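Asks: Each chain, letter by letter, is given below.
There are 2 protein chains.
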Amino acid sequence: MSAKSRKIVDVLNGKTISPPPLWLMRQAGRYLPEYRATRAEAGSFLDLCYSPELATEVTLQPIRRYGFDAAILFSDILVIPDALKRNVRFEEGHGPRLDPIDADGILKLDGKDVLKHLQPVMEAVGRIRGALPEETTLLGFCGAPWTVATYMIAGHGTPDQAPARLFAYREPKAFAHLLDTLAELSADYLVAQIDAGADAVQIFDSWAGVLGEKEFSEFAIKPVRKIIDSVKARRPQAKIIAFAKGAGLFLKTYRQATRADAIGLDWSVPLAFAAELQKDGPVQGNLDPMRVVAGGAALDEGIDAILQALGNGPLIFNLGHGITPQADPEHVTRLVARVRGENR
Amino acid sequence: MSAKSRKIVDVLNGKTISPPPLWLMRQAGRYLPEYRATRAEAGSFLDLCYSPELATEVTLQPIRRYGFDAAILFSDILVIPDALKRNVRFEEGHGPRLDPIDADGILKLDGKDVLKHLQPVMEAVGRIRGALPEETTLLGFCGAPWTVATYMIAGHGTPDQAPARLFAYREPKAFAHLLDTLAELSADYLVAQIDAGADAVQIFDSWAGVLGEKEFSEFAIKPVRKIIDSVKARRPQAKIIAFAKGAGLFLKTYRQATRADAIGLDWSVPLAFAAELQKDGPVQGNLDPMRVVAGGAALDEGIDAILQALGNGPLIFNLGHGITPQADPEHVTRLVARVRGENR
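Taken in sequence, the protein lines are chains A and B. Take 1 as the starting number for the first sequence in the numbering used here and just add one per residue. Take 1001 as the starting number for the second sequence in the numbering used here and just add one per residue.
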């Protein structure tokens, strides 16, 4: 336990803090010149993820520049498929590529070396925690099984993850096994991150929005609940944020059914509804990342609307999705100051 | 007025019909061998859209094969930008391309020749109506201004239409002008389709789901309401279906605020919520198109769930988005029979 209180952990415990603490999804990223410099030093994108030294450096860069209330481990949701030998690679301008998996491949997945493969990540977590200011929360993360599975099946991103939806209809047993496998490995991975120094963790389900009702329950809720139950059984103090992008109509159920400590909201969630969700517990979000690119009045108005609607309850201020490479770092300076009440 | 009743028009007038009438979004499309044959005869995709003879042929193909309760004019939502000289072209495997427009370009848009340019479409509508069985509804359509604008600004499709969202923040006046222009032209276009023989029309807002709250109100609701008001002021009997894909949490407001006669639902809308929406008026949807690709139990279960939840109110059975090229035509045969109670 730290002597100084960590605001984001406090919010995750249900506390309302004014002004709200903040961090930005993908805050260590290509919009920062110092990130691009470090990225150029590393070999591949995965080399950067697996270098404790470089991953630590890029994780700390936005903290040095902006003093966010949380650092989030620099890594990728596809390190688990990579550890499962799915030949993950990141090609410039093309997004991730993997060897597509079939039902037979799923049955042959062997997770026994996954944590060993991911040991450099845990080393990075330890280094980051050691280097961070006492009051800064350190977040670990993983991809949600559904989202990770969509990439494993298609072998790349698609507009609506139709290949995984189709696979799940055609091969329900193999697909359930894949989600189970990913849930177990993800829980172990999050526990290891917590043990290495993460104060809390986030589960990213970026593709939750393409699911029908029954599939949302089976593919988005069930495996995330499994992860949360498993992590909390072993680390009862662990705090978990679940972010199901595009889950709109399912969000109320999602929070209750997954037992996440906080839920992340994308920018399409109306603020009056977000305030309803906040009555059940902390929320995180939900500024449109394009407002950060635009800057000016579009940025200020978006920030103010969130603070007004959600500022009187437990809120972690954040974007509704990751910050994009085209965002001007000066706009982020403006955002941080405005959330903190320094230029309102 | 026709001697025989057209079931889909009846549902649009609030009637409950059992079994529900059905058609499929993109029912005239690449999954059909006869479509691919006609497509090969035409030059470009737009040549096909603008050939009254060929557009009539492909519109009628799925009616001959399946006896759907509605034919939908074969065309594309980008014919209006094409008529506005935005250099629209369809490259195999790449989706649509246009010359991206900027604020100056928007102010220079000149709609005076649009209806003249689209005259072949109206000729196709007349031919189709003449060739259709008396009891088959003929649907016209247009793209919603927001969705059409996203393509006009980016010059192509993108994963979350970030270019248009950004443009709207940066150039709110020019963007409002673009939406206004598109709404006016779309209303004129729909009136012309109705006059040419369309029984009802659908407005497709495929990208409504990427909007924040205020933007949904300004970009998705307001222009569609404007179209509907304009069409109904001139053709009071006109029936209009509005389909805002991904609009989840906004759907209740969307129906009320646009005054659409029926709303289309994508496959992510939970059926209990769809039944709530149906209390306010007819709904259309919402089978996951991947269930049609999968066939078998996945197809049957999806159909049965919709019929059970929504079959006792005004329902037009449809998919939650367009049928995909990989769908097996035999699965569509099975779907039609099952909806009509012939193999349940």
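Check before you lean on any hint, since a few could be wrong.
[Stated by the list, open to error] Now the in silico label distances, taken between C-beta atoms and shown as ranges:
| # | chain 1 | residue 1 | chain 2 | residue 2 | range |
| --- | --- | --- | --- | --- | --- |
| 1 | A | D300 | B | D1099 | 29 to 35 Å |
| 2 | B | A1257 | A | R340 | 35 to 41 Å |
| 3 | B | D1304 | A | E34 | 55 to 61 Å |
| 4 | A | P329 | B | E1041 | 53 to 59 Å |
| 5 | B | D1304 | A | R235 | 39 to 45 Å |
| 6 | B | A1233 | A | P329 | 49 to 55 Å |
| 7 | A | R340 | B | K1214 | 35 to 41 Å |
| 8 | A | D113 | B | R1065 | 50 to 56 Å |
| 9 | A | R235 | B | K1214 | 37 to 43 Å |
| 10 | A | A40 | B | A1257 | 34 to 40 Å |
| 11 | A | E92 | B | D1099 | 36 to 42 Å |
| 12 | B | D1229 | A | R259 | 44 to 50 Å |
| 13 | A | P133 | B | D1099 | 47 to 53 Å |
To be clear, the hints were calculated from the coordinates, so they are not data collected in a lab. In this text the structure is predicted, and so the values were computed from the model without any measurement. Beta carbons: idealized from backbone N, C-alpha and C, even for Gly.
Asks: For each hint, tell me whether it holds in the structure or not.
Replies: Against the structure, the hints:
1. D300/A to D1099/B: 29 to 35 Å: For D1099/B against D300/A, whose Cβ atoms are near 33 Å apart, the range 29 to 35 Å holds.
2. A1257/B to R340/A: 35 to 41 Å: 36 Å, holds
3. D1304/B to E34/A: 55 to 61 Å: Given a distance of about 56 Å, which is inside 55 to 61 Å, the answer is holds.
4. P329/A to E1041/B: 53 to 59 Å: Since the Cβ atoms of P329/A and E1041/B sit about 54 Å apart, the hinted range of 53 to 59 Å holds.
5. D1304/B to R235/A: 39 to 45 Å: Once the Cβ atoms are compared, 43 Å apart, the range 39 to 45 Å for R235/A and D1304/B holds.
6. A1233/B to P329/A: 49 to 55 Å: Holds, at about 50 Å.
7. R340/A to K1214/B: 35 to 41 Å: 24 Å, violated
8. D113/A to R1065/B: 50 to 56 Å: Between D113/A and R1065/B, where Cβ atoms are some 53 Å apart, the hint holds.
9. R235/A to K1214/B: 37 to 43 Å: Holds: the Cβ-Cβ distance is about 40 Å, inside 37 to 43 Å.
10. A40/A to A1257/B: 34 to 40 Å: 50 Å, violated
11. E92/A to D1099/B: 36 to 42 Å: 26 Å, violated
12. D1229/B to R259/A: 44 to 50 Å: 47 Å, holds
13. P133/A to D1099/B: 47 to 53 Å: Given range 47 to 53 Å: holds, Cβ gap about 50 Å.
Of the numbered hints listed earlier, those contradicted by the structure are 7, 10 and 11.
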